[in-house]
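Chains A and B, in that order, are what the protein sequence lines are.
Reading the first sequence from the start, the letters are residues 1 to 273 in this note's numbering.
Reading the second sequence from the start, the letters are residues 1 to 109 in this note's numbering.
No lab work stands behind these hints: they were computed from the structure.
Each residue gets a CB set at the ideal place from its N, CA and C atoms; glycine is no exception.
Incorrect hints may have been included.
Listed next, the stretches of chain A that the computed footprint assigns to chain B, with coverage defined by at least 3 CB atoms under 8 Å from CB atoms of chain B [claimed, not checked]: (1) 87-101; (2) 257-264.
Facing chain B, from chain A, some residues (calculated, C-beta under 10 Å) [claimed, not checked]: (3) THR109; (4) THR191; (5) GLY239; (6) LEU254; (7) PHE267.
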Amino acid sequence: MAEARTRRYREPNVHHGSPWPFVIAIGAAVSYVGLIINLPLMVLGLVVFVSGAVGWLRDDLRTTPRAFYGPGTENLPVLGRVSARKLATWLFLATEVMFFSAIIGAAWTVRLRTTETTGLPWAYSGQILNVPGTAFVTFILICSSLTMVEALAAIERGDQKHMRYFLLATMLLGITFLAFQANEFYHLYFTDHLTFTSAPDGINANFGAAFFAQTGTHGAHVTAGVLALAYLNVKAWKGGFSKENHETVELVGLYWHFVDVVWIFLFTLVYLI
Amino acid sequence: MAAEAAAAVPVVGATGEHVRRPYVYVFIILAVVTLIEVYVSTLDFPQAIDRISLLIVLATFKASLVAAYYMHLKYEPRWIMLIPFGALALVFVLVAALTASSVPVLPQP
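Okay, chain A solo, but in the shape it has when bound:
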């Protein structure tokens, strides 16, 4: 087994190296530094980051689909049916759990403490936010989780056609969610005058900042998910996944379901309470 693995590492046609992750890492580092010291530097970092991502995805889409991606994607017995890529995805999701916890925790700290210090109350459920409409897009997001997991189930059976349709449906549902959120933000900001620093109707001025920070970061994650789904769709329609090789569908699915989980909590904590 170990010998076979060593041999595969040396196979010239089993390509598993790419310079693009380094470009992405450099772009991320520059943009983080830029965020602190210089905004144009941040934009430069983002451009490098996006270029790296586009280059990596383009290389991948040009590669002939095959059953074996390369070292790191196989099932190592020591990890018990969990590949290195899935393990990495779960670790990434763990960091995302902490990221969202920090944002939600900060918003709740502001909510619980400024109510008594500034005198103005926090908006109650339905006072300014559209609860029925948001309940509907929550349902849309739940639908998209179902279609995502059905896409994975389809390719696990080797059913290309249904995988493509379910992946397309998932992406369209995600876009629907984003369209609703964009519309909601627009009306709240320009019609209701709920801004980052002020709020209408005697609502606590911090409400807007807390609302936009929580739902905005989630919306950014949905956007990233829709982009990942666009890549999955292109690759799926090119025949890039098979019964033997479809882990990417599963990993993007994990991220997509995680974004759904975050929304389940945000819907409760921001809209209903």
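Assemble chain B onto chain A, guided by the hints.
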């Protein structure tokens, strides 16, 4: 040569099982609980904390269903749960620290 080596490896994702997983049932439960949540949010509880607690319990139930069935935690090796639960342990510390001095000023209905 490479194809042979690849074929000998148990490929990721090809678990071979064709069991019907209850994805649609989970979806129905999620949709119904969402409706219940919206209804609960309109109810007038004697204490706001009761309504808030009930809503958080319902949200946690929904999130657990998604994690268990759609994210396949129910079908994965148990140890992988250490990763999300490890993060959740830290979240619990954060929530406890943030709310410790704030609970008496929870929002009123």
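These are the hints, each one checked on the structure:
1. 87-101: Answer holds; 9 residues pass the 8 Å Cβ test.
2. 257-264: holds (count 5)
3. THR109: Where the cut-off is 10 Å and the nearest Cβ of chain B is about 5 Å from THR109(A), the hint holds.
4. THR191: At 23 Å from the nearest chain B Cβ, THR191(A) fails the 10 Å test, so the hint is violated.
5. GLY239: violated, 16 Å
6. LEU254: holds, 6 Å
7. PHE267: At 8 Å from the nearest chain B Cβ, PHE267(A) passes the 10 Å test, so the hint holds.
The structure fails hints 4 and 5 (numbered hints given earlier, in ascending order).
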